[in-house]
Amino acid sequence: MTAPLALIRVADTETTGLADPKELVEIGWTDVRLFPTGWAIESGPHARLVNPGMPITPGARAAHHITDEEAASGMAPDDARALISTGADFICCHNLAYDSPLLKSGKPGICTFKCAKETYPLLDSHKNGAIWYALGLGGGAKQMEPVHRAGPDSWTTAHILLDLLRVLPAETMVEISANPLRLLKMNFGKHAGTPFTDLPWDYLDWILHKSNMRNEPDHADVVHSARLELLRRADAPADTPQPTSQSAATADPDAWRSQVEKF
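If you count the sequence shown from 1, you need to add 5 to reach this note's numbering.
I should point out that these hints are in silico values taken from the structure, not numbers from a laboratory. Predicted model only: the values in this text are computed from it and were never measured. Accuracy of the hints is not assured; some may be wrong.
Unchecked claim - Here are the simulated lysine-lysine pairs, DSS-like style, with alpha carbons at most 30 angstroms apart:
#1 Lys122 <-> Lys195
#2 Lys195 <-> Lys215
#3 Lys190 <-> Lys215
#4 Lys147 <-> Lys122
#5 Lys132 <-> Lys109
#6 Lys195 <-> Lys132
#7 Lys27 <-> Lys109
#8 Lys190 <-> Lys132
#9 Lys109 <-> Lys122
#10 Lys132 <-> Lys112
#11 Lys122 <-> Lys27
#12 Lys132 <-> Lys27
#13 Lys132 <-> Lys122
#14 Lys215 <-> Lys122
#15 Lys112 <-> Lys215
What the hints assert, rightly or not - Here are the simulated distance ranges between beta carbons:
#16 Leu140 <-> Phe40: 20 to 26 angstroms
#17 Ala67 <-> Gln148: 21 to 27 angstroms
#18 Gly92 <-> Glu180: 19 to 25 angstroms
#19 His153 <-> Leu236: 37 to 43 angstroms
Don't be surprised by glycine CBs; every beta carbon is placed ideally from N, CA and C.
All chains, full assembly: derive it from the sequences and hints.
The following block contains the structure:
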């Protein structure tokens, strides 16, 4: 059970770019606290510029519109990290996998993207702004502007968090955030958009045993979902259609190589 007056610091970052090496350019945060009457926003949104000590890529600048000159006036990255983590019991981000290595807080982490996808799997988009509007969390609040800036984005994420806290304890969200998601549909490749329940057996087997996805963190959700689907089929009633087996004489042991070229 979450301790009374526990603080979830909802954080967002703007950075020099997507590729490593990258560094903070701006931090933003909104504080959500467990009061005797329940969870509520305590303060925010707040934001501070950060001097990354390296150039901002054109692609990143096109998103957040922070210039190298503006960032040069900001605080040191380690001071920004300390500011985010100090006093917080949990750190919450909408893309924890991206923000956590930059913030290095060491606090229990909540990913609202994962938790929203687990709680509302049928939404057509799980971007923070899309969730805001889909759930009717407040329309066009001024605190959401400008988009792609750390302070306003933390405000949007804080409202998603508050909605999730109505149905999920903070500790449960930490657990969901630390594990792969079960996807409803394949999200790339020739079967993109196909429910996992409809994927061919040989494709699921390829994901688990022949592809490189097992060793790629970005595909952990796909591998996890394929494994769960095969387990589901293994537990299905005996009259469930099974794939036609091939004899050892007719099976081509190298057939998987042609499959690799397709994906």
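For each hint, the structure was consulted:
no., hint, result
1, Lys122 <-> Lys195, "holds (23 angstroms)"
2, Lys195 <-> Lys215, "holds (16 angstroms)"
3, Lys190 <-> Lys215, "holds (20 angstroms)"
4, Lys147 <-> Lys122, "holds (26 angstroms)"
5, Lys132 <-> Lys109, "holds (23 angstroms)"
6, Lys195 <-> Lys132, "holds (24 angstroms)"
7, Lys27 <-> Lys109, "holds (14 angstroms)"
8, Lys190 <-> Lys132, "holds (17 angstroms)"
9, Lys109 <-> Lys122, "holds (24 angstroms)"
10, Lys132 <-> Lys112, "holds (24 angstroms)"
11, Lys122 <-> Lys27, "holds (27 angstroms)"
12, Lys132 <-> Lys27, "holds (22 angstroms)"
13, Lys132 <-> Lys122, "holds (10 angstroms)"
14, Lys215 <-> Lys122, "holds (28 angstroms)"
15, Lys112 <-> Lys215, "violated (36 angstroms)"
16, Leu140 <-> Phe40: 20 to 26 angstroms, "holds (22 angstroms)"
17, Ala67 <-> Gln148: 21 to 27 angstroms, "holds (23 angstroms)"
18, Gly92 <-> Glu180: 19 to 25 angstroms, "holds (23 angstroms)"
19, His153 <-> Leu236: 37 to 43 angstroms, "holds (40 angstroms)"
Checked against the numbered hints given earlier, this structure breaks only hint 15.
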